[in-house]
Structure formats: C-alpha cells, structure tokens
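Given chain A, put chain B in place with the hints provided.
So the sequences go chain by chain: A and B.
Using our numbering, the first residue of the first sequence is number 5, and each one after it goes up by one.
Using our numbering, the first residue of the second sequence is number 786, and each one after it goes up by one.
Treat each hint with caution, since some may be false.
Calculated lysine to aspartate or glutamate pairs in the EDC-like style (CA-CA distance at most 20 Å, straight line) [unchecked claim]:
| no. | chain 1 | residue 1 | chain 2 | residue 2 |
| --- | --- | --- | --- | --- |
| 1 | B | Lys919 | A | Glu27 |
| 2 | B | Lys919 | A | Glu227 |
| 3 | B | Lys1033 | B | Asp858 |
| 4 | A | Lys28 | B | Glu924 |
Derived Cβ-Cβ restraints for the label pairs, each shown as a range [as the list claims (entries may be wrong)]:
| no. | chain 1 | residue 1 | chain 2 | residue 2 | range |
| --- | --- | --- | --- | --- | --- |
| 5 | B | Ala986 | A | Val72 | 48 to 58 Å |
| 6 | A | Leu170 | B | Tyr830 | 35 to 45 Å |
| 7 | A | Val42 | B | Ala986 | 50 to 60 Å |
None of these hints come from the bench; they were simulated from the model.
All C-beta atoms in this analysis are idealised placements derived from N, C-alpha and C, irrespective of residue type, glycine included.
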Amino acid sequence: MVLVTLLILFPILWMISSSFKLEKDLFAIPPTLFPNPVSLHGYEMALSRPSFVSAITNSVIVAIGSTVITLFLTLHGAYALARVRFFGRAFFAKFILCFYMFPAILLVIPIYMMMTSMHLTNSLFGIMVIHTILNIPFCLWLLRAFFITIPAELEEAAIMDGASILGAFYRIIIPLSKPGIAAVTLFSFIASWSEFLLAYVLVTSNSKKTLPVVLAEEIIGFEMQWSGLLAMSVIVLIPIFFACLIFSKYLVEGLSSGAVKG
Amino acid sequence: MIVNSLLKSFKSRSGKHGWIGFALFAPGLALMCLFLLYPVALNIYTSFFSKHLIRPRNNFVGLKNYLRIFNDDNFALILQNEITWTVFSVIFQVILGLGVALLLNQKLRGISIVRALVILPWVTPVVVTVLMWKWVLNELYGIVNIALKYFGLIDTSIAFWSSPAMAMGTVIGINVWWGFPFMTIIFLAGLKSIDQNLYDAAKVDGASPLQEFMHITLPGLKHFIAVAVLLRTIWIFTNFDLIWIATKGGPSYHTMIFPIMTYLQAFQSYQLGRAAAISALLILCLLLYLVVFFRVYKYEE
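Pulled out of the complex, with its shape left as it was, chain A reads as follows (with noise of 0.2 Å):
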C-alpha cells in the first residue's frame, strides 16, 4: 500500500525535489533524487515576476471572496431545501443536479456575452461571481445531504421554546454541521483557486490575472527556466496540500457523502 501510493505521488515528490535543485543540476544525467545543494534559485526566479506576484494576490481574494459568498448562500439554501417545505422543492433538487453536471466549457460562450455587456470582464469580482455560481450546485448538494442526517427533533424543541426557523437553524443546525461545512469550504475555496477555463476567458488584462492562468500562460510561452516553472507550481499548490492534510478526515468523507448520498 505504501508503494502504490509513493507510486500515484511520485510526479509531486519529483516535481518538489526538483524546484529546489540548480538549472545546472535539473539536466544531470543521471539525475539525483535531492536536490544537492539545495538552491532557492527558481523561487526567487518565480517571484521576481511583477504578473506571478499580483496574480497570488488575485487568486487568494478571488478564492476566499467566492469562498465565502457561496457559504452564505448554500448554507441558507441547503436549509431550506433539506427542512422547509416550499413549492416546487422536490424540482429545485433535481435541477441542482443538472446544473451540477453542466460543463463550463459549453457555456463558455453565453457567459463570455453576458459578462461582457455588464461590464465584469477584466474584474476580479465578476471572476469570483463565476466561481461562485460554478461551487453552488455541488456544495447545495453536499449540505442537503448533511442536513438530512440531523434528528428534526432539535428544531422542534427549540420552536416549541418559541425560537423562529432562523435562530433554530443558526444556533442548533449550524454548530452540529461542523464537518459538512468544513468540506464545502474545502471544495470550494480548491475549486475556486484551481478554476482555470472562465478566469483565461473573461480577463484579459495582465493585472488582474488568476494563478492558473498565469502559469498556463507561462508553461505555453515558456520563456522561463524550469526551476522557474517548478518553483510556480509547487507554491500553487502549497495552500491546496495545507487545507487538504488539515482538513483530511472530513475531505474524504465529506465528499463522498456529497457525491453519492440523496
């Protein structure tokens, strides 16, 4: 077991050893498995980039401003969708999963017309409305699912003291909910900081670019040294690994519950 996993990880072990060796030692032949002496050189390479540099910016409040926005939204409608009965909920359900499966690409076009005309190209806050409405489905889905699972009998006795359908969910519904919510911020906040097709299309100015897309442009372009590059990619994923060795026993299970649950 442990060998088929250093297996599957063996490209990011490569890929880490490798950011960290001298231009020189990258195209030894034979190769050496740690870098030796370990070199900082691609990182400071990767960060004396102007565009790399503001594109961590962008992506970090893009990531955390879609994160957040889609928590408030999904937790309410979750809510409503898993306890309170309103017209045509059974429907709405079923519609989330369409939408859940809908891939961006085949509504790349539309959404390209309709930004343009209200103006939020080239804004990182019309890429962090995209996000958002891309993370809703899945993670309306994965919350419904968690919510179900909690007894109704909390929130009866909490109305019977005379609590209204807001403060019972937000003082009993929400604190039992730890898990769920800790993996839709997961998701999310990796969606979002990883979403590449709709944050190449919609921004066009240099300033205002999103971390994938800054390192697609530089891995097509390839003007930079490969420590240069491996270096990039290795502080891309740093928060990603972070949040996910963090937040391990809630990922696996968590999404599973999502993806298959209801």
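Same frame as chain A, but now just chain B:
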C-alpha cells in the same frame, strides 16, 4: 420510524412558513437560472448567427454554422480523437480507481492519512498537473525516459509530446492519473455500503477471493460505478483545460477535440456563431447520452 414521522410532522407544520423556505433558496436559484437556463438559450440562439467577437456583425445564417462543422476537413479525425479520449480515460480511471479503493478499504491505523494522500492528484490544479508531467515525461531530461533507458527497455527516448502516435496516449495517461481519485472516493463509499455478512457467508461456503469480488463486490458497487461513469464521461467528453495547456490540440490535430475547437473558433478566430454551434451540438450529444444511459441502466435493472 419515529424520527421519520416526527420529521414529517415538523415539515407539515412548517408548511405555513413556505415563503421563508423559498426566500432562503431564492438567491441561489436566481443565480442558477441566470447562469444556466439563459446561457443555454443564448448559446442556441447565437449558433444561428454569423457573429463576430469584436466587430458588431450579427447576420442570421440559418444552419450554415452547423454545416460548417461537418464539412471541416478534420471532422473525422476530431471525432475519432474525442471518442478515443473519452472512452479510454473513463475505462482506465474506473479500473485504477476501483483497484485503489479495494486497497484502501481496510481498517488500519493512519488509513485516513493514506486516503487523503491518494486523492492529492485530484485536488492538484490541472495547470500544475500538466507542468509536472511535462517535466517527468520530458524527451531529453525526463526521469521516465532516463529510467527506461537505464533499465535497457528502450534505446532512444520516447517523444511523449511531439510524436502524433504518442501524444493522445500521453494526455489520456495524465487524465487518468489526475481523475482516478474521484472514482476511488465514490467506490470507497460504495464498499462501505456492502453488507459485511455477505462476505462472511461466502467464506463459509468456501468462495475464492475472485468469486467474492465477482459475486458480491461488483454487484454491490453497480450503482456507484454507474454514477461515477455517468459524471466522468460528461466531464471528460467536454474537458478543455488539460489538453489545451498540454498540447493545444497538437501535434497537427492529433489531440484536437471539440471543446478546444469551440475555444479556438470563439477566441482565436473570433467567430462566436460558429463556436456556439459546436457547443450546441455538444449539448445535444450530452442530452442524447443521458437518455441512452438511463434507458440502458433501467433495462439492466
């Protein structure tokens, strides 16, 4: 039972609060309608026009954009690529995903950390995935070529990226590595749902591990495999990022698929109408696929 009936009474009592439910849900719903239903309609509408990305040209041309797709010299090649790419990616992702899920379906100390590690490929951004594989599979300095030569398996380096025969295999391989953990997650949930008593009973009857797998595990996972294949097929069929960053559809159209054509038509040739026609056809394909999938699936039941 008690929980269920309580749930029901709670639901019916809160029926008079219906408007609150709708109000809570409405913002999300509004966004979805605005960004799903309207765009699909706008896309189909645009596909009947000759529309330029920048110039204000907008002439009705009927089905001309659609005919153009079929009259493209490379249409047969692109279609073939699209099918190869989708079918092989999905099959290998299911096989690898299932294998790893079986391996991880044990109760051991630290297993949740191993699980989290194994799904790392899936949370790796596609851009990073492509770059790291470009490095690992580099023709001159890539570790894979060096290792294969060292063990005497090949004499000359394999041109993973620039040879037309290899390029499709390379991008499929990367896609399998990137996407199999999604399968593993779903299959792990599936394995948990199988009744352990079945295995105990099979052991008593002296069944071999292979028989257990064929008669208990596979049937138990049937629905999970169906869901995973359904979602994955749709996403791989319409994947853009991976191939675009890796090869841009090259060398000479050998990894070109329709989503990349859509992008090229819209944002490099500036022909929005033609691009919208390709999208509309893909949407049609997806709908047909869904209908056929559920027909077959129901029939199997």
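ask   = Which hints from the list above does the structure break, by number from lowest to highest?
value = Hint check: nothing fails, all pass.
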